[in-house]
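Undergrad: Chain by chain, the residues run as shown.
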Amino acid sequence: MARSKMNQLAALLLLISAALIPTSLHADDAGLVVSAEASHKFTKALSAGFEVEFRSRNNFRTADRVSFGPSVSYKVLPWLKASAGYNLLIDNNREEITYQDDGVSYNNWRPSYWGVRHRFNVSLTASRKIQRVEVSLRERWQYTYRRSRVIDNFDFDNAEWEDHEVRGKGKNVLRSRLQVAWDIPKCKFDPYASVEFHSTRELEKTRFIVGVDHSIKKKHEFTLYYRYQLSGSSSDEPNIHMLGMGYTYKF
Amino acid sequence: MLYTTMKKVLFLLYSVLFTAMAMGLVSCVDDDTDMDDIIAQYQIEPASIELDYSDLAEAPDVPVTDENDEAYNDYVENSSWNEVIELKYAGDDVEVTGAVPGVIVQTSGAHATVLNMSGPIKIVVSGSTANGSLKLYGDKRVQLMLNNVDMTNPTGAAINNQGGKTMYVVLAQGTTNHLQDGTDYTLVDDEDQKAALFSEGQIVFSGHGRLDVNAVGRGGIRSDDYIRIRPGVKINVSSSALDGLRANDGIIVDGGAINIMTTGAGAKGMRSGGLMEVNGGRLVAIASGDTRIETVDGVADTAACAALYCDSLLVVNSGTLKLKATGDGGKGLNAKQDVAFDGGSLQAVAAGTREVKKPKGVKVDGSMSIGGGYFYSYSRRSDPLDVSGTLTVAPGYTTYDSGAKALTIAY
Numbered sequence: 079m080a081r082s083k084m085n086q087l088a089a090l091l092l093l094i095s096a097a098l099i100p101t102s103l104h105a106d107d108a109g110l111v112v113s114a115e116a117s118h119k120f121t122k123a124l125s126a127g128f129e130v131e132f133r134s135r136n137n138f139r140t141a142d143r144v145s146f147g148p149s150v151s152y153k154v155l156p157w158l159k160a161s162a163g164y165n166l167l168i169d170n171n172r173e174e175i176t177y178q179d180d181g182v183s184y185n186n187w188r189p190s191y192w193g194v195r196h197r198f199n200v201s202l203t204a205s206r207k208i209q210r211v212e213v214s215l216r217e218r219w220q221y222t223y224r225r226s227r228v229i230d231n232f233d234f235d236n237a238e239w240e241d242h243e244v245r246g247k248g249k250n251v252l253r254s255r256l257q258v259a260w261d262i263p264k265c266k267f268d269p270y271a272s273v274e275f276h277s278t279r280e281l282e283k284t285r286f287i288v289g290v291d292h293s294i295k296k297k298h299e300f301t302l303y304y305r306y307q308l309s310g311s312s313s314d315e316p317n318i319h320m321l322g323m324g325y326t327y328k329f
Numbered sequence: 020m021l022y023t024t025m026k027k028v029l030f031l032l033y034s035v036l037f038t039a040m041a042m043g044l045v046s047c048v049d050d051d052t053d054m055d056d057i058i059a060q061y062q063i064e065p066a067s068i069e070l071d072y073s074d075l076a077e078a079p080d081v082p083v084t085d086e087n088d089e090a091y092n093d094y095v096e097n098s099s100w101n102e103v104i105e106l107k108y109a110g111d112d113v114e115v116t117g118a119v120p121g122v123i124v125q126t127s128g129a130h131a132t133v134l135n136m137s138g139p140i141k142i143v144v145s146g147s148t149a150n151g152s153l154k155l156y157g158d159k160r161v162q163l164m165l166n167n168v169d170m171t172n173p174t175g176a177a178i179n180n181q182g183g184k185t186m187y188v189v190l191a192q193g194t195t196n197h198l199q200d201g202t203d204y205t206l207v208d209d210e211d212q213k214a215a216l217f218s219e220g221q222i223v224f225s226g227h228g229r230l231d232v233n234a235v236g237r238g239g240i241r242s243d244d245y246i247r248i249r250p251g252v253k254i255n256v257s258s259s260a261l262d263g264l265r266a267n268d269g270i271i272v273d274g275g276a277i278n279i280m281t282t283g284a285g286a287k288g289m290r291s292g293g294l295m296e297v298n299g300g301r302l303v304a305i306a307s308g309d310t311r312i313e314t315v316d317g318v319a320d321t322a323a324c325a326a327l328y329c330d331s332l333l334v335v336n337s338g339t340l341k342l343k344a345t346g347d348g349g350k351g352l353n354a355k356q357d358v359a360f361d362g363g364s365l366q367a368v369a370a371g372t373r374e375v376k377k378p379k380g381v382k383v384d385g386s387m388s389i390g391g392g393y394f395y396s397y398s399r400r401s402d403p404l405d406v407s408g409t410l411t412v413a414p415g416y417t418t419y420d421s422g423a424k425a426l427t428i429a430y
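Residue numbers (the numbering used here), protein chains in the order written: chain A, 79 to 329; chain B, 20 to 430.
Rather than coming from a laboratory, the hints here were simulated on the basis of the structure.
Here a beta-carbon is modelled for each residue, glycine too, at the ideal position from N, C-alpha and C.
Where hints are given, some of them may not hold.
Stated by the list, open to error - Looking from chain B toward chain A, a few residues come up when the C-beta cut is under 8 Å (computed): (1) Val48; (2) Asp49; (3) Asp51; (4) Met54; (5) Ile58; (6) Tyr61; (7) Gln62; (8) Arg311; (9) Arg399; (10) Arg400; (11) Ser401; (12) Asp405; (13) Lys424.
Turn these sequences into a full structure, and let the hints steer you where they fit.
TA: Below is the structure:
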């Protein structure tokens with residue numbers, strides 16, 4: 079009975095993904111996520127790690143982000159894990175073009191630029207294994223801060239480059255992820271699927287992921303996944319298809 | 020054990036670093052819009068417009084001889100000037116020569132007042148004074164021949180014609196004349212004095228001399244009627260206060276080499292309150308003042324500078340107009356009604372900032388027609404040509420180059 083419910087839930091996740099993805103394929107971007115992590119288990123409950131990640135966009139042609147930072151997690155209960163982390167994000171911010179009232183003539187152009195952000199997060203992950211299927215729900219609060227800085231901006235009205243201040247700001251996001259993972263007997267590949275919602279006061283983005291984990295001697299863990307990120311209606315960012323590759327070394 | 024683990028961790032970090040570098044090399048393409056050509060269009064340099072004191076070759080100035088022609092009376096040659104008075108300024112004194120029945124000349128130091136109760140008279144003015152003036156009363160036409168005069172009035176207009184009839188300002192052949200007002204005007208009840216050279220009646224400039232007007236208190240040259248400028252004259256106006264050359268009822272430029280430079284906030288180089296007609300000559304006007312902001316009863320009123328400002332219809336048949344505004348929101352040409360550009364050359368450049376008002380090369384509140392000649396307009400921080408009504412460009416042009424900041428039409 080429980081197995082049947084789990085299968086239904088997994089099917090539902092895939093159906094939601096399949097239903098949403100094709101709606102905006104024509105304008106979508108594509109990119110890559112490559113990450114590597116070193117992780118150490120201090121006790122049965124406590125572990126810590128350090129992760130480095132690289133992302134690209136513009137159909138794999140443009141670097142989008144490099145980030146790295148430590149994290150720590152603690153198993154509070156057999157079914158509940160708490161974690162916290164910090165990431166230094168080095169972003170290649172997309173260009174920004176604004177237009178005059180006629181919608182055609184340029185008003186301002188701010189070329190893309192590299193900027194630094196600091197991100198802190200704390201998470202609680204509840205999980206339950208039902209036979210070979212593990213369902214988990216992760217709630218993550220993340221706070222991202224960027225410092226104020228001055229960058230170049232071309233003002234078409236004034237026909238000249240001007241200094242443009244990108245104001246410093248902090249942003250709180252609640253990320254809710256529901257994941258289903260299968261532990262296939264006698265198979266070193268464990269498929270999984272998840273859906274994650276990023277919310278501020280409104281839904282900013284939704285991520286649909288299907289992937290597979292592969293472990294070698296419990297020390298080396300690889301993951302390969304496909305991620306579709308659907309941007310919220312108020313976002314300027316395009317929807318993006320991501321191919322993800324990750325490696326974790328556990329020691 | 021620890022050493023082995025550290026080695027593995029280092030290997031991992033190096034691998035990640037290598038992978039990241041490899042990905043960075045692969046992903047090194049910029050995804051910005053290619054704006055180079057577009058920005059280059061926006062950053063083009065405007066045509067150079069500077070004051071031009073060079074001689075201007077002009078066709079002979081042939082006076083109108085048809086008495087029915089409405090311009091007939093604008094020609095000094097069409098009147099008899101048998102009654103002549105000479106005023107020779109010298110420091111704090113002025114010497115008066117000639118006596119005309121019905122004409123009273125009063126002097127106070129180098130300040131002369133001529134009361135004409137007779138007919139048309141000719142007044143020849145020469146000499147130099149740093150504290151002198153000439154004021155005219157009488158409802159008769161007057162010919163004012165400037166014959167190497169250098170006159171400054173620290174307390175008002177240098178020349179002030181209170182008469183409502185035509186004042187013919189004739190610049191004697193080969194002479195250089197200089198008029199300057201003062202920073203503070205001593206006002207007289209019921210009398211206007213709006214400029215260093217002011218006339219209640221129309222002013223007609225002619226001759227083959229040069230007139231330099233330096234205005235520091237009010238305008239440079241102003242008529243409460245109209246002004247006509249004939250070929251042969253050289254007029255240079257510099258005003259740090261109000262408008263350079265202004266007429267309430269219209270301006271007709273038949274010729275002449277005219278330079279006007281204004282620096283006052285909201286000041287106009289040349290301003291016509293009535294029909295303006297350009298039939299020849301060369302006008303270079305540069306207005307560099309910022310937008311003037313006046314608050315009356317709590318309501319802010321703004322006025323931008325303009326090299327040429329016309330409240331009424333502007334007709335350009337021939338001649339050269341070079342107009343430049345460099346102050347905030349300044350216009351090269353600001354026409355409040357229609358403009359008909361049928362020939363000649365018009366170059367207008369607006370290079371000022373747009374803090375309060377939008378700077379525009381040519382701004383026309385009515386309609387505009389372009390039917391010949393060479394037309395160029397440039398605005399660094401706005402549209403080069405702004406016509407509120409209909410813009411009509413006649414066919415047959417050889418150049419029509421419309422860019423983001425400049426427009427060129429040539430026939």
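Undergrad: Hint by hint, note whether the structure agrees.
TA: To see whether the hints hold, each was checked on the structure:
no.	hint	verdict
1	Val48	4 Å, holds
2	Asp49	7 Å, holds
3	Asp51	5 Å, holds
4	Met54	6 Å, holds
5	Ile58	6 Å, holds
6	Tyr61	4 Å, holds
7	Gln62	6 Å, holds
8	Arg311	21 Å, violated
9	Arg399	5 Å, holds
10	Arg400	5 Å, holds
11	Ser401	7 Å, holds
12	Asp405	13 Å, violated
13	Lys424	6 Å, holds
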